[in-house]
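Residue strings, one per chain:
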Amino acid sequence: MFYRLAGVHHTRYETARALWPVPADRWQVAIVALLALAAPFFLSSLYLGSYLLPWLIWSAAALSLTLLMGLAGQLHFGFAAVMAIGAYSSIHLARFGVPFELALIGAGLTAAVIGSLFGAAALRVKGLYLVMATLAMQYLVDWVIINVPAISGGAQATLRTPSVSFLFIPLDTLSARYYLALGWVALVAIFFLNVKRTSFGRALVAIRDKDFAAAVIGVDPFRYKLMAFFTSSFMGGVTGAVLAFCYYRAVTPEQFSFNVSIQLVAMVLVGGLGSVIGGFLGAGFVLLVPIILTNLVAGMAAAGWFTVSSNLLAHVPLMIYGALIIGFLLFEPLGLAKIYDNIRKYFLVWPFRHSRS
Amino acid sequence: MAYFAELVVNGALTGLMYSLAALGFVLIYKSAGVPNLAQGAVVMIAGYVVWLLFSLGLSLFLAVILGAAIMFALGLLTERFLLRRMVGQPVIMIVMLTLGLEILLRGIGPGFLGAAPKSLDLGIGLAPIIIGDVFINRAYLVGGVVAVVMIAAALLFFRTRLGTKLRAVSDDHVSSWAVGISVEKAIGISWGLAGISAVAAGVLWGSVQGVDWTLSTLLFPAVAVVILGGIDSIWGVLIGGLLVGILGSVIPGYLDAVVGGGTRDVVTSLIILLTIMIRPYGIFGREDIERI
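Chains as they are written, first to last, in this note's numbering: chain C, 1 to 357; chain L, 1001 to 1292.
Hints were generated in silico from the structure; no laboratory data involved.
Keep in mind that a hint or two might mislead.
Claimed, not checked - Computed Cβ-Cβ distance ranges for the label pairs, DEER-style:
(1) C/L330 with L/T1214: 27 to 35 Å
(2) C/G327 with L/G1132: 38 to 46 Å
(3) L/I1131 with C/L334: 55 to 63 Å
(4) C/L313 with L/Y1254: 19 to 27 Å
(5) L/T1214 with C/V125: 26 to 34 Å
(6) C/V148 with L/M1277: 18 to 26 Å
(7) L/A1069 with C/V125: 51 to 59 Å
(8) C/L313 with L/T1214: 55 to 63 Å
(9) C/L334 with L/V1148: 43 to 51 Å
(10) C/L43 with L/T1214: 33 to 41 Å
Please read all numbers here as calculations on a predicted model, not as lab measurements.
Yeah, the Cβ is synthetic: ideal placement off N, Cα and C, and Gly gets one too.
Kindly produce the complete structure, drawing on both the sequences and the hints.
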């Protein structure tokens, strides 16, 4: 129908290696990119600022995490702490007078160096124990941030981001901040798409599948696990800085608590491990569906269909969010990316559903 | 010196109450190999169930017994409808499923029964027991005694016919099937038993700090207990609980004044981290040897 081809048949290596081998996919990417670029012109500032902008930034965070969890297979339950390191160091660098462009890179490097320490546990253990170790490190980082006044500005303090400009464009308007976030998430997505085709990406996949076996064929697990943690933490740190400067604009330690780490893992799993489109879909789903469903319940209660106490209504998002995670793991463990892929495969050969695709 | 002794004694008793929450974790991990990160929320739900039965007018004894029956059934249902479908999935899926369950329960409990803390009065009394110069919290003492009794009961249970079956299942699922043990039933029973131990933890912690969602944060010290003691060892729960409790009471007792509070979580995190870096399988745990 849209694709107008019965399966993908390559005659040259270049076409087989292309990021989007099917023309319809290229059109799709181009249309989505155009819509994203034009969004500030046709979306109201409410939708742009409180739905689309956080969605993009959290997508970048989910993509950074899925590089580690999906590609390298290292579990990480302290990613919010990595983002917090990025956010706080970028704010302090910017306050110190460092240009914002350098502050972003500095934030990424700080997060990457400290995040590699998380990886030290990965060199020793894996699986459940790695979950516990990263979880413990999340608590440690949280405690340091809260209890060192030089970082957080004192307990219970809110740290406002200074006003900065990126490439001579001041980040005071919503659309400027939106374009910065869009640029960053596009960069992360393109990096992720390409890293799968490099020797680095293939080494990470080998380690994910079996680290001993990878060592046998000459992939050094020590080196590549640390590199995976470094790369992923760098992207996570910059994402944290973008989150602080473009969305929150005033950070507190609670914005990067353990629950946020779980939320990030939920985004990755609901989206589908190791998939780019899964990162976007998962972040959108986990962020927006509880809000939408809660508004639906509140609306139905307001229409008088049933009565809901305000206390229950306050807990509905939590229930929906938990039920979403459970439901996806039970019924579609490969996540939204798999659902998207099934639909795409169906239309790729439509109407000849039994042909090769 | 009296201050130190007080910190040690009360810390040890708190630690024993942590082990009550950790016991359920170990029971499930031992038989099913499932890390149940929802155990903190299960403790919270158990507290809510007993509080509900108690406030409906039942006597405390009846409320606890009925609560234990309900939690046993809930444990069986969780295993049957959630975890059994996850057999053979990678550990990240199972960890995340239990975390999803944790979030769901944390919404359901306070959502339907009210978020304000509920007081659960066991009639223990508030006056501390004074031995020499040491003040001992009466509620913690009762909690510690109950914890020791529960752990002893768990140890004895593994000597019974059913307990032997459970031990066989924890050794090897396939060989247990081969000799005619129903692995599904054994895993279900261990989930039910974890529910019963959650009732004990929920009632005791609920009487100390009130029943509300904060009971689910018991997960963190409970995880430290099982990591330190060994994730599949009942003895580990006892020793690990004592160590986590004492360290988590003595170190903050001296350091909190210096650094401004909150060191208990740091001690707990450090216990988890150091154990994993030095001896991942804990004090009494069984070391898994991985074969390609």
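Structure-based check of all given hints:
1. C/L330 with L/T1214: 27 to 35 Å: Distance hint for C/L330, L/T1214 holds at roughly 29 Å.
2. C/G327 with L/G1132: 38 to 46 Å: At roughly 57 Å between Cβ atoms, L/G1132 and C/G327 fall outside 38 to 46 Å, so the hint is violated.
3. L/I1131 with C/L334: 55 to 63 Å: Given about 60 Å between the Cβ atoms, the range holds.
4. C/L313 with L/Y1254: 19 to 27 Å: violated (45 Å)
5. L/T1214 with C/V125: 26 to 34 Å: The hinted range 26 to 34 Å holds for L/T1214 and C/V125, with Cβ atoms some 30 Å apart.
6. C/V148 with L/M1277: 18 to 26 Å: Holds - the Cβ-Cβ distance for C/V148 and L/M1277, about 24 Å, lies within 18 to 26 Å.
7. L/A1069 with C/V125: 51 to 59 Å: violated (39 Å)
8. C/L313 with L/T1214: 55 to 63 Å: Given a distance of about 21 Å, which is not inside 55 to 63 Å, the answer is violated.
9. C/L334 with L/V1148: 43 to 51 Å: Given range 43 to 51 Å: holds, Cβ gap about 46 Å.
10. C/L43 with L/T1214: 33 to 41 Å: Between C/L43 and L/T1214, where Cβ atoms are some 40 Å apart, the hint holds.
Taken one by one, the earlier hints fail for this structure at numbers 2, 4, 7, 8, listed in ascending order.
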